[in-house]
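Number of protein chains: 2
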Amino acid sequence: MNIRAGLVGLGKIARDQHLPAILKTDGIDLIAVASRNAQGEGVNNYPDLGAMLAGEADLDAVILCQPPQARYHAARQALLAGKHVFLEKPPGATVSEVEALIALAKEQNVTLYASWHSRYAAAVAQAKAWIAQRRIERISIQWREDVRHWHPGQPWIWEAGGFGVFDPGINALSILTEIVAEPVTVLSANLEVPSNKDAPIGATLTMATASGAPIDTVFDWRQTGPQTWDIAVDTDNGGLLLSEGGNTLRLDGEVQLKAPDEEYPAMYRRFVDLVADRAIDADTAPLRLVADAFLCGRHCPTAMFED
Amino acid sequence: MNIRAGLVGLGKIARDQHLPAILKTDGIDLIAVASRNAQGEGVNNYPDLGAMLAGEADLDAVILCQPPQARYHAARQALLAGKHVFLEKPPGATVSEVEALIALAKEQNVTLYASWHSRYAAAVAQAKAWIAQRRIERISIQWREDVRHWHPGQPWIWEAGGFGVFDPGINALSILTEIVAEPVTVLSANLEVPSNKDAPIGATLTMATASGAPIDTVFDWRQTGPQTWDIAVDTDNGGLLLSEGGNTLRLDGEVQLKAPDEEYPAMYRRFVDLVADRAIDADTAPLRLVADAFLCGRHCPTAMFED
Chain A
1 MNIRAGLVGL GKIARDQHLP AILKTDGIDL IAVASRNAQG EGVNNYPDLG
51 AMLAGEADLD AVILCQPPQA RYHAARQALL AGKHVFLEKP PGATVSEVEA
101 LIALAKEQNV TLYASWHSRY AAAVAQAKAW IAQRRIERIS IQWREDVRHW
151 HPGQPWIWEA GGFGVFDPGI NALSILTEIV AEPVTVLSAN LEVPSNKDAP
201 IGATLTMATA SGAPIDTVFD WRQTGPQTWD IAVDTDNGGL LLSEGGNTLR
251 LDGEVQLKAP DEEYPAMYRR FVDLVADRAI DADTAPLRLV ADAFLCGRHC
301 PTAMFED
Chain B
308 MNIRAGLVGL GKIARDQHLP AILKTDGIDL IAVASRNAQG EGVNNYPDLG
358 AMLAGEADLD AVILCQPPQA RYHAARQALL AGKHVFLEKP PGATVSEVEA
408 LIALAKEQNV TLYASWHSRY AAAVAQAKAW IAQRRIERIS IQWREDVRHW
458 HPGQPWIWEA GGFGVFDPGI NALSILTEIV AEPVTVLSAN LEVPSNKDAP
508 IGATLTMATA SGAPIDTVFD WRQTGPQTWD IAVDTDNGGL LLSEGGNTLR
558 LDGEVQLKAP DEEYPAMYRR FVDLVADRAI DADTAPLRLV ADAFLCGRHC
608 PTAMFED
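Sequences listed follow chains A and B, in order.
Just so you know, we're using the working numbering here: the first sequence kicks off at 1 and counts up by one.
Just so you know, we're using the working numbering here: the second sequence kicks off at 308 and counts up by one.
Please keep in mind that the hints were generated in silico from the structure rather than gathered at the bench.
Worth double-checking, as some hints may not be accurate.
[Unchecked claim] Pairwise CB distance ranges (calculated):
{"id": "1", "chain 1": "A", "residue 1": "ALA38", "chain 2": "B", "residue 2": "ILE320", "range": "49 to 59 Å"}
{"id": "2", "chain 1": "B", "residue 1": "GLY545", "chain 2": "A", "residue 2": "ASP29", "range": "44 to 54 Å"}
{"id": "3", "chain 1": "A", "residue 1": "ALA303", "chain 2": "B", "residue 2": "GLN433", "range": "53 to 63 Å"}
{"id": "4", "chain 1": "A", "residue 1": "SER140", "chain 2": "B", "residue 2": "ALA436", "range": "47 to 57 Å"}
{"id": "5", "chain 1": "A", "residue 1": "LEU23", "chain 2": "B", "residue 2": "GLN433", "range": "55 to 65 Å"}
{"id": "6", "chain 1": "A", "residue 1": "HIS149", "chain 2": "B", "residue 2": "PRO608", "range": "27 to 37 Å"}
{"id": "7", "chain 1": "A", "residue 1": "GLY55", "chain 2": "B", "residue 2": "GLN461", "range": "34 to 44 Å"}
{"id": "8", "chain 1": "B", "residue 1": "LEU387", "chain 2": "A", "residue 2": "ALA132", "range": "17 to 27 Å"}
{"id": "9", "chain 1": "A", "residue 1": "GLY253", "chain 2": "B", "residue 2": "LEU387", "range": "33 to 43 Å"}
{"id": "10", "chain 1": "A", "residue 1": "LYS24", "chain 2": "B", "residue 2": "GLY318", "range": "56 to 66 Å"}
For each residue, glycine too, the CB sits at the ideal point set by N, CA and C.
Full structure from sequences and hints, please.
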């Protein structure tokens, strides 16, 4: 029996990624959408989650794609109704929210899946296996993209709590915490906040692995032209470069693997497996690192930015 | 056999609180101190933790009282040496650090105790029991003190990552998360940062319990005259006021309990019990709320402050 899923928040990420991925995935069917402004095709439409839960007695799972500020309340509502929950990234607006959801999902004996799509990029698993055989000496992360291209008309991303450049940056942190077995911590951070915004447009983080290998990180939203999503790992036995957000792998400069993005279909296969076991997969490590960067970061005012 | 303990960081909190509390506690003896600038009396003295671990083969436990920025590295070193660890609050400079220490203590099968002294204030347990019988309607926290009195000559507290007014404020959050059974989350925050400092001198937090009761919080370091450390809880069946940092309890305006501060002796009795069981007591909830407040908080520049 396929999972009967309802999706909340029919915005760009839902249309670009979730709907096509659900269609491709065995074991799950989309039967309903809740959205204030948009309508899904071939499904029952509702104005909000409450109406969807009331109208769809047979719903098994809820997929939450709205901006993170609204996610906690909706996830609680769905979990309390006994539904399995799939969270877009970031899984909440704060770390405490996600910890509270994990506790509630355990109580309710349902699945909670905090999805980190970049962990499913084509080359991540191979990179992890390669690193596991070596001693890390240094990691360098460069995550540079053009916010005007990727986030047009999303004012919430610039508000306090909107994450700013950590919205893409958390993808890098999700890969980092997947491929490095040791814990990683933030030592210091500089947050560049435009004088007309409340969230950073750029950030540099000084991090380290537990055994002391330095991790230098640059997040920048002002990159025009070619975009850069690179993680370079120097080890005692060669160097690795993950680029294109984890979809291309180079070892000692030679391309080993270059594959198209198939992240969301992989996540939905994972979700179907989790629901079968009523299991929880909700790693807060990437979100914790972002909160830690704000906690210990120095705010550096920078030039006004018009998006 | 008493626990043989070594203390690291012989500053104000160690002399004012830890040394007298250890003397009062059955089951633990202080045998060594590590401090760059100070000497403990009647114990073996070392310049740093490494020298102490090398010089005291029989040491069972390490008590870490230095500023939080240095605590993670020292705690790892002690845990890796197989020692039980007692952490002053806050237990680390970041949330990820403490989570990494918890994982390491489990691996090493030793005690990790993240101490929150305000949870041991005289009236906290009674307040918790009273609240458990009622439905919370609203909570109001006022934590106002004079930083010049309490933190003279501590420049690290004003640096990025030094917590600022959250250094005392985290005590309020530690009581809050002890007396309220439900999860608590931060919805928004304003952080007042003096133009010549990198950490806030004042903060207001809008928080809520999972079931939606509002929690209004004011932290202020500019209070001269009488100091205020109050938590007021309105319920469906009466009101509670915890004041003097948890040492005085009023129910519907009448004083029920007023006792002197005996927090640190209570913590050392707890530590002795934990070590007997090799148990871990390391709740990160108060520190998570602080990180969350920085994550979603708006920075508001405010007047220069000379401490």
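| field | Contradicted hints - numbers only | value | Violated hint (a single one): 7; every other hint is consistent with the structure.
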